[in-house]
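K.L.:
Based on the sequences and whatever the hints tell you, model everything.
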Amino acid sequence: MSILHTVNKSPFEKNSLETCLRIAMEGSSVLFIEDGVYGAVDGTSLNGKLSDAGNRLKFYALGPDLKARGLSENSVMNCVEVVDYDGFVDLVVRHDATYACL
Amino acid sequence: MEEIPEEYEGGIVKKFMYVNRRAPHGTIYAQESLEVVLVGAAFDQEVSIVFMDDGVYQILKDQDTSAIGTKNFSKTFRALEMYDVEKLYVERESMQARGISEDDLNVPVEVITSEEIGRLMEQHDVILSF
Amino acid sequence: MSIQINGKVLETDEEGYIQALDEWSPEVAEYMAKEDDCDLTENHWEVINFLRDYYDEYQVAPAVRVLTKAIGKRLGKDKGNSKYLYQLFPYGPAKQACRYAGLPKPTGCV
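Residue numbers (my numbering), protein chains in the order written: chain P, 1 to 102; chain D, 103 to 232; chain S, 233 to 342.
None of these hints come from the bench; they were simulated from the model.
Relax, there's no trap hidden among the hints.
Simulated pairs of lysine-lysine, DSS-like, Cα-Cα distance not exceeding 27 Å:
#  : chain 1 : residue 1 : chain 2 : residue 2
1  : D       : K117      : S       : K301
2  : S       : K315      : S       : K301
3  : D       : K177      : S       : K337
4  : P       : K49       : P       : K9
5  : D       : K173      : S       : K240
6  : S       : K327      : D       : K177
7  : S       : K311      : S       : K266
8  : S       : K301      : D       : K189
9  : D       : K177      : S       : K301
10 : S       : K327      : S       : K266
11 : S       : K327      : D       : K173
12 : D       : K163      : S       : K305
13 : P       : K58       : D       : K117
14 : D       : K177      : D       : K189
15 : S       : K337      : S       : K311
16 : D       : K116      : S       : K337
17 : P       : K14       : P       : K58
18 : S       : K301      : D       : K173
19 : D       : K116      : S       : K301
20 : P       : K14       : D       : K163
21 : D       : K189      : S       : K305
22 : S       : K305      : D       : K177
23 : P       : K9        : P       : K58
24 : S       : K309      : S       : K327
25 : S       : K301      : S       : K327
26 : P       : K49       : P       : K67
27 : D       : K173      : S       : K337
28 : S       : K311      : D       : K177
29 : D       : K117      : D       : K189
30 : D       : K189      : S       : K337
Note that this is a predicted model, so its numbers are computed, not measured.
P.N.:
Below, the structure written as structure tokens:
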């Protein structure tokens, strides 16, 4: 079993990302979308938390949402893979269930 | 709809998990979530409800909304058992962070850890987030 | 939509449920029953009063399955079955009785 967790809130405004990291189990993935993409950016105070979780979880960020916010593939941490909308769909299909952590 | 048509009886039963992370009265999320739970239960689906983060405030005892003119739906959680919704879980970490103990809650729950919630989540077909 | 009882106008939704639950009085039930050509007996009132108590306690109008079970617990097995309740409320025990009792339409009824 694996769950795709999507996070759509900035970690500086809401605790969605933190909650998500707390409950996400080994083999699950976290996809940053909408304002959630700020959580994937390199050089923030959250990098440590993401790195810590990086050995049990996979991280993805939605490219169009990065681009819209003036961010790019180069802005996010190395452990984060940038995907497009097709990639988003693939992720949903590849996991057993999706939890939208609002 | 009054009764479930015969052809659906014994049909597909999915396991639904409702995850509540919002405080009860400032936004409509909590009340809407409960509404969906009741509708889902009327269709004989298997339901678990998780309260975490500010969601634990939804089931605090002694809520009285009379002076703010809204519905006190905290009472409705006590009816869930009659809807065969018996699996209510609360995240221990969220309770601790808010200084809440089981005695402060208005309905029987199972207190479990974040990790146990993670494992539980994996046993469900549909996860709904409020 | 609205109904008029003792000179007082009560707003209802398009299915005839009253909007302001605290405006209910037994006359509301009598009026609605008359419109449906239904004579309210003691047995009807037992269910209507049960529903009002139930709503007061749980803030929800029970789905028919829940109502049947709860009636059985409170009033006995011979009353806690759909046959008995449908005889009293042929339009559906939850829907019709809740309307008479001044409650919202039961959640889960589409």
